[in-house]
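*Asks:* For reference, the chains in residue letters:
There are 4 protein chains.
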Amino acid sequence: MTETDAFGRRLRLGMVGGGGSSSIGPSHASAARLDGRWELVAGVFSRNPERTRQVARDLFIDPQRAYADHTEMAAREAERPDGIDAVTICTFNETHYEIADAFLAKGIHVICDKPLVVNREHARALSARVAETGRLLAVTYTYSGYPMVRMARDMIAGGRLGQVLSVQVEYSHQYQTQAFGKKEWQHDQTKAGALGVVASLGTHAFHLAEYVSGLRVEALAADLASLRNPLDDHVNMLLRFEGGARGALWTTSIAHGCPNGLALRVFGSDAAITWHQEHPEQLTFTASGQQPVVFARGGAGVSAGAKAASRIPAGHPEGYLEAFANIYSAVARAISEGRNTADNGDFPTVHDGARGVGFMFTALRSAGAGSMFVPFEL
Amino acid sequence: MTETDAFGRRLRLGMVGGGGSSSIGPSHASAARLDGRWELVAGVFSRNPERTRQVARDLFIDPQRAYADHTEMAAREAERPDGIDAVTICTFNETHYEIADAFLAKGIHVICDKPLVVNREHARALSARVAETGRLLAVTYTYSGYPMVRMARDMIAGGRLGQVLSVQVEYSHQYQTQAFGKKEWQHDQTKAGALGVVASLGTHAFHLAEYVSGLRVEALAADLASLRNPLDDHVNMLLRFEGGARGALWTTSIAHGCPNGLALRVFGSDAAITWHQEHPEQLTFTASGQQPVVFARGGAGVSAGAKAASRIPAGHPEGYLEAFANIYSAVARAISEGRNTADNGDFPTVHDGARGVGFMFTALRSAGAGSMFVPFEL
Amino acid sequence: MTETDAFGRRLRLGMVGGGGSSSIGPSHASAARLDGRWELVAGVFSRNPERTRQVARDLFIDPQRAYADHTEMAAREAERPDGIDAVTICTFNETHYEIADAFLAKGIHVICDKPLVVNREHARALSARVAETGRLLAVTYTYSGYPMVRMARDMIAGGRLGQVLSVQVEYSHQYQTQAFGKKEWQHDQTKAGALGVVASLGTHAFHLAEYVSGLRVEALAADLASLRNPLDDHVNMLLRFEGGARGALWTTSIAHGCPNGLALRVFGSDAAITWHQEHPEQLTFTASGQQPVVFARGGAGVSAGAKAASRIPAGHPEGYLEAFANIYSAVARAISEGRNTADNGDFPTVHDGARGVGFMFTALRSAGAGSMFVPFEL
Amino acid sequence: MTETDAFGRRLRLGMVGGGGSSSIGPSHASAARLDGRWELVAGVFSRNPERTRQVARDLFIDPQRAYADHTEMAAREAERPDGIDAVTICTFNETHYEIADAFLAKGIHVICDKPLVVNREHARALSARVAETGRLLAVTYTYSGYPMVRMARDMIAGGRLGQVLSVQVEYSHQYQTQAFGKKEWQHDQTKAGALGVVASLGTHAFHLAEYVSGLRVEALAADLASLRNPLDDHVNMLLRFEGGARGALWTTSIAHGCPNGLALRVFGSDAAITWHQEHPEQLTFTASGQQPVVFARGGAGVSAGAKAASRIPAGHPEGYLEAFANIYSAVARAISEGRNTADNGDFPTVHDGARGVGFMFTALRSAGAGSMFVPFEL
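Chains as they are written, first to last, in our numbering: chain A, 1 to 378; chain B, 1 to 378; chain C, 1 to 378; chain D, 1 to 378.
What the hints contain is simulated information worked out from the structure, not anything from laboratory work.
Where is the CB? At the ideal position from N, CA and C, for every residue including glycine.
A couple of the hints might just be wrong.
Under 8 Å between C-beta atoms, here's a sample of chain A residues computed to sit facing chain C [what the hints assert, rightly or not]: (1) F60; (2) P63; (3) P292; (4) V294.
What follows is a list of derived Cβ distance ranges for each label pair [unchecked claim]: (5) A/T71 - D/N48: 50 to 58 Å; (6) A/E72 - D/D82: 49 to 57 Å; (7) A/A105 - D/D58: 55 to 63 Å; (8) D/R124 - A/E72: 24 to 32 Å; (9) B/G107 - C/R333: 38 to 46 Å; (10) D/Q290 - A/G158: 53 to 61 Å; (11) C/G368 - D/R216: 21 to 29 Å; (12) D/G243 - C/Q189: 26 to 34 Å; (13) C/G301 - A/D343: 36 to 44 Å; (14) A/R339 - C/G244: 56 to 64 Å.
Make a model of the complete structure from these sequences and hints.
*Replies:* Listed below in structure tokens is the structure:
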């Protein structure tokens with residue numbers, strides 16, 4: 001028992017991956033720290049042990065808890081009385097399955113980056129493992145953590161839009177605008193999986209669309225293109241949702257001028273909402289026959305879900321790390337309460353992760369069939 | 001010969017339609033007047049002769065030139081020494097063909113609202129009639145008259161974007177957000193033709209995409225839906241352009257909060273541009289690896305085509321009527337110079353009108369085939 | 001009697017000035033034409049008779065009505081049975097008084113650019129002449145013609161803001177960003193008058209503030225600076241309004257990146273409004289404790305005054321020329337109805353012009369007194 | 001020595017205040033945690049000991065380090081081998097001096113909310129105490145922590161704007177829009193000091209203007225008004241900077257629709273910049289005669305200072321807590337390096353705090369002299 005246990009304690013977090021040049025590891029760490037509910041105490045930050053030790057040092061982590069590989073880490077942490085409560089996985093896609101499975105097997109909760117895994121068999125197997133172990137598996141669809149995304153979801157769930165008729169979602173990015181310029185794992189099917197931008201960005205957009213609308217995609221038609229990169233880098237899809245709503249999804253990694261252009265518009269029989277990730281503090285709402293109201297996080301009329309996901313007053317911008325922290329804090333709450341499911345969607349679960357994988361391979365199937373509509377399959 | 005002929009004169013314009021409750025007739029009239037190159041001197045403004053006389057009176061038009069129908073008007077104006085040089089047609093879609101044909105047959109130039117006609121046979125016949133008579137037929141795809149649309153086109157034609165890779169266009173509107181609420185001719189196939197929003201808005205979006213990109217659509221896959229209205233009111237399409245560029249087109253008339261949401265984004269190998277009709281004075285340009293520059297009409301670095309389409313300094317907003325007037329003034333120039341073709345795209349011609357009709361029926365064919373990709377057909 | 005007199009007619013307009021390189025002459029002409037209530041039939045467009053003839057030719061004006069100077073023009077037009085109803089004066093500031101006086105003396109209405117005149121004696125004299133002749137004198141404070149400015153005024157007049165507490169107005173521009181770069185009449189006290197940016201931009205801002213708030217400035221403290229130009233080019237003022245409202249006015253001509261940055265914010269006890277000239281179609285309104293509503297011209301809840309000043313539906317941008325045309329059409333209405341006063345502020349009168357001159361010299365007086373507060377004097 | 005000391009450690013932080021209903025205490029705590037350089041281990045969160053114990057429990061703080069008052073805390077922490085390195089003071093203004101002095105006297109570094117103190121004598125005394133003890137005193141002018149504020153400062157320091165000519169700053173807020181509605185300490189001179197909005201918001205705006213421009217205010221003329229509250233709630237000022245630049249400062253707490261409207265515009269001889277706190281990720285830069293470039297944090301061409309203050313890629317919004325964390329992390333760096341001064345302005349010091357107090361009383365002096373210009377006095 002550590003000293004802090006005497007008067008309650010933060011949950012203990014480990015991390016696998018995150019020591020590379022990308023910002024995703026530090027983002028997980030910042031997100032975990034922000035609300036003071038987690039302390040990061042163990043990790044395998046790189047395949048290079050020296051790099052792992054260096055990251056651990058920078059993070060004030062006990063060098064004995066800087067491990068050589070995730071197998072050792074899972075075994076040793078499971079044995080410690082002060083072992084980690086959960087592990088964050090932010091390695092490349094292809095390795096997610098094995099690592100997540102290893103920690104779940106040791107009774108350690110898992111927080112996994114997206115896409116959950118790179119094939120549907122692994123998605124099914126992980127879902128089964130979660131059920132069997134009673135552990136929690138959260139997938140960091142970070143954008144669902146934004147307060148105004150929560151408000152959009154609350155408004156739709158509360159009937160403010162009437163019947164949802166149309167869901168238009170897009171995620172445009174510029175990370176592959178240089179033709180074959182980046183020799184990264186995202187270009188390597190053995191590491192990234194069979195899909196490019198559909199996996200890296202499309203799954204975020206897909207999750208956001210279903211999360212906010214409350215509707216599941218039933219069928220889609222996908223035009224996948226590899227315009228400048230080995231894997232798909234420009235994709236337009238036609239979407240059909242349960243209940244008859246229509247929509248489209250566009251995602252690309254070759255869009256100059258789009259640093260992180262995730263945006264959602266939902267049109268219902270009675271009203272519509274618009275949200276842009278690059279200006280996440282505002283949600284524009286237009287009721288039928290009315291002028292638009294620009295709801296600012298923290299201001300009047302904001303929904304309970306948005307308030308619960310908010311820290312500071314309106315006009316003091318919150319951003320990506322705060323949204324990310326909402327996922328981490330919700331996971332901490334669930335663990336503390338002995339749940340392995342989300343409370344009103346406050347974090348994405350293994351089921352959301354599996355739907356993302358289903359989305360990827362449904363898109364691939366449509367593309368293989370000349371972009372015909374095909375039914376969604378998990 | 002009128003008094004003004006002694007020292008040069010404005011061209012004389014007639015109008016068929018435009019006397020109803022819509023603003024499209026007055027918009028044509030204002031656009032024609034703005035630059036002082038036209039005077040409106042004759043018309044059939046309504047099927048109701050009393051209404052026609054009243055509109056004529058309001059417009060200071062000689063009552064003898066307020067006609068009962070377009071046949072009489074074409075015949076009488078063709079006989080007058082001071083007869084009209086051109087006629088504007090802004091009646092409902094189904095009547096365009098017959099009226100345009102009647103004036104062309106009398107040697108009178110035609111300015112026709114879009115869609116040009118409601119079937120491909122009429123499109124072909126009008127094209128032939130234009131060729132045969134040597135008269136000019138302009139189609140008011142008004143949005144192509146905006147200076148910053150001209151700049152976008154100039155930039156792409158000049159190679160500033162490199163190879164065009166992606167063209168995303170949308171036109172969202174709220175004019176049919178009330179379920180079956182409006183008993184207008186747009187809901188009546190006998191007046192509007194077989195297509196709803198594809199014809200009324202989609203043809204604008206389609207023209208803008210081809211006009212700016214300089215590329216023709218080769219194939220499309222269309223998901224047409226009639227969510228709240230008898231004819232299609234929500235349409236998503238996958239687009240394939242000559243040369244390999246991909247894209248999408250979304251148009252709908254049921255989008256609360258979208259008064260006139262036409263927007264275009266084009267991504268090339270070297271740069272990208274974004275333009276929104278509701279803020280038409282700005283064109284955002286982002287070169288590869290650079291931060292976005294917001295070009296304002298009238299400011300530094302604006303293209304020759306944009307300057308030629310501009311009247312007043314930057315910061316003094318021009319708008320829809322000015323864009324519309326650019327079409328009218330270009331037509332006046334063409335007539336004065338004895339041309340019946342556009343000069344570097346300064347107004348849309350019968351060929352653009354025919355492509356719009358081809359677009360409508362290609363979309364219908366794809367929808368009939370389960371939203372499969374089908375080749376574009378004129 | 002012209003042919004058109006037989007069935008009603010447009011009013012006949014003359015112009016003095018406007019043939020130079022600036023866009024202000026053509027803007028007056030376009031504004032006059034837009035709604036079809038005026039025809040431009042006479043003018044002295046330049047001190048250079050050849051230039052006047054050329055402009056007249058371009059405008060299809062009878063060469064006999066292209067005059068050598070305003071004295072001849074006033075005399076000859078007053079004699080013609082089809083003489084002009086009104087004259088537009090868009091020469092440099094110092095000449096306004098003499099020209100306006102000459103036309104008023106001949107019974108011809110006057111539309112004069114701002115500032116009305118360059119000293120208070122002339123302002124008083126012109127006011128007297130207007131009263132004596134019963135003619136109308138309108139001053140083209142163009143920005144008061146925007147529909148959403150009218151809506152702001154209507155909201156305040158209707159009590160929607162409660163008691164007005166604060167009025168912040170600014171007009172930032174870049175026309176003198178080049179140090180001594182432009183050898184224009186604006187730099188020459190003998191042509192522009194004693195004041196620089198206070199006259200050219202400040203009078204617009206001052207008029208807008210009083211027009212919208214419905215309150216008169218009672219005292220001001222002005223910090224005039226000539227940072228890069230012979231006359232004042234950067235001015236901040238503290239304002240005190242009747243009834244206790246406070247405010248500030250900032251204007252400058254050396255602001256890179258500000259093509260025409262006129263903006264107004266009014267805060268009341270119950271609500272606030274914000275309007276920016278470069279995006280004139282929107283008026284943001286925030287009621288106490290509520291989220292902001294972005295009113296778009298043409299949309300729901302727009303005031304009667306805004307509707308009356310509007311031509312086309314929401315989402316189809318109107319701009320500067322449309323605002324300008326609202327002044328011209330209101331003047332035409334007043335003349336037709338035999339009034340020489342504005343109807344509910346639909347055009348600025350000689351009294352508004354005189355207040356602008358009072359504003360200029362009150363600012364100069366404060367600056368001369370070490371930027372102390374001084375009472376407003378006409 | 002705690003366990004973590006064995007392998008390096010986070011700095012230890014205490015807090016006085018911050019347990020009330022405002023978000024400022026939690027914001028300090030989150031900011032301290034975000035980068036993992038601080039742990040919050042002790043505090044007096046309220047005058048109510050039970051409230052202090054409850055906050056400590058929520059923060060997983062050892063109950064023995066939840067103190068009754070700041071005197072006890074300073075004494076006891078100074079004695080502990082694992083005592084706090086620094087204390088955050090976020091009590092009401094009037095108490096800052098005594099508390100800061102008590103901790104400095106015990107050799108503990110101080111991080112103090114603004115305004116530093118409520119009179120100039122205390123400002124001078126604290127400055128002397130800092131010099132004498134060699135401890136560090138940082139003032140949380142949080143907004144100077146934003147990356148794009150750092151970029152603005154870097155651009156000006158690097159000469160990109162040429163000579164600074166004009167500095168316009170504003171801070172509009174709605175926290176006192178309800179007339180006398182809030183019975184808070186901000187309304188009570190015995191707690192807040194003699195100044196209202198000048199102290200609470202004006203000091204932020206003043207610091208931002210000087211911090212970014214690199215210029216000191218030499219004289220100002222202030223129009224203080226108490227329009228709806230006992231203390232000043234609406235203030236316009238004319239500013240004169242060293243070197244001849246002019247400017248204005250507007251701040252108010254009665255502005256409906258302004259959740260936190262801090263904005264800065266600086267115009268130089270060669271270029272201009274604009275920054276708005278509510279959209280802090282963008283800095284608009286316009287070079288003379290060019291179109292504006294919208295620099296996004298994390299994107300191309302961003303300055304070294306901005307990069308150093310940035311965590312995640314462009315398009316992933318950072319916000320207020322990240323800016324705040326930049327202050328905390330810079331203080332941690334300074335302490336680790338044995339400095340008590342900022343490194344290139346990476347946190348505001350006691351000198352900045354003292355200038356803020358000087359600003360408050362210079363404004364009061366001008367107001368007392370009929371809003372005349374008065375020289376700035378510390």
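*Asks:* Look at each hint and say if it fits the structure.
*Replies:* Status of the hints after comparison with the structure:
Hint status for A/F60: violated, given a least beta-carbon distance of 43 Å to chain C, over 8 Å. Proximity of A/P63 to chain C is violated relative to the hint, the smallest CB-CB distance being about 51 Å (cut-off 8 Å). Because the closest C-beta pair between A/P292 and chain C is about 5 Å apart, less than 8 Å, the hint holds. Restraint check, A/V294 versus chain C: the minimum CB separation of about 5 Å is within 8 Å; hint holds.
A beta carbon spacing of about 51 Å between A/T71 and D/N48 agrees with the range 50 to 58 Å that was offered as a hint. The given range of 49 to 57 Å is broken by A/E72 and D/D82, whose C-beta atoms sit roughly 32 Å from each other. Judged by the Cβ atoms, the range 55 to 63 Å given for A/A105 and D/D58 is violated: they are separated by roughly 34 Å. Restraint check, D/R124 to A/E72: a C-beta distance of roughly 60 Å breaks the suggested window 24 to 32 Å.
For B/G107 and C/R333, the Cβ-Cβ distance of about 40 Å falls inside the hinted range of 38 to 46 Å, so the restraint holds. With their beta carbons about 48 Å apart, D/Q290 and A/G158 fall outside the hinted range of 53 to 61 Å. Roughly 27 Å separates the CB atoms of C/G368 and D/R216, a value that falls within the hinted 21 to 29 Å. For D/G243 and C/Q189, the Cβ-Cβ distance of about 27 Å falls inside the hinted range of 26 to 34 Å, so the restraint holds.
In this structure the hint that C/G301 and A/D343 lie 36 to 44 Å apart at CB holds, the actual value being about 39 Å. A hinted range of 56 to 64 Å for the beta carbons of A/R339 and C/G244 is consistent with their spacing of about 58 Å.
The structure fails to meet hints 1, 2, 6, 7, 8, 10 from the earlier list, while all remaining hints are met.
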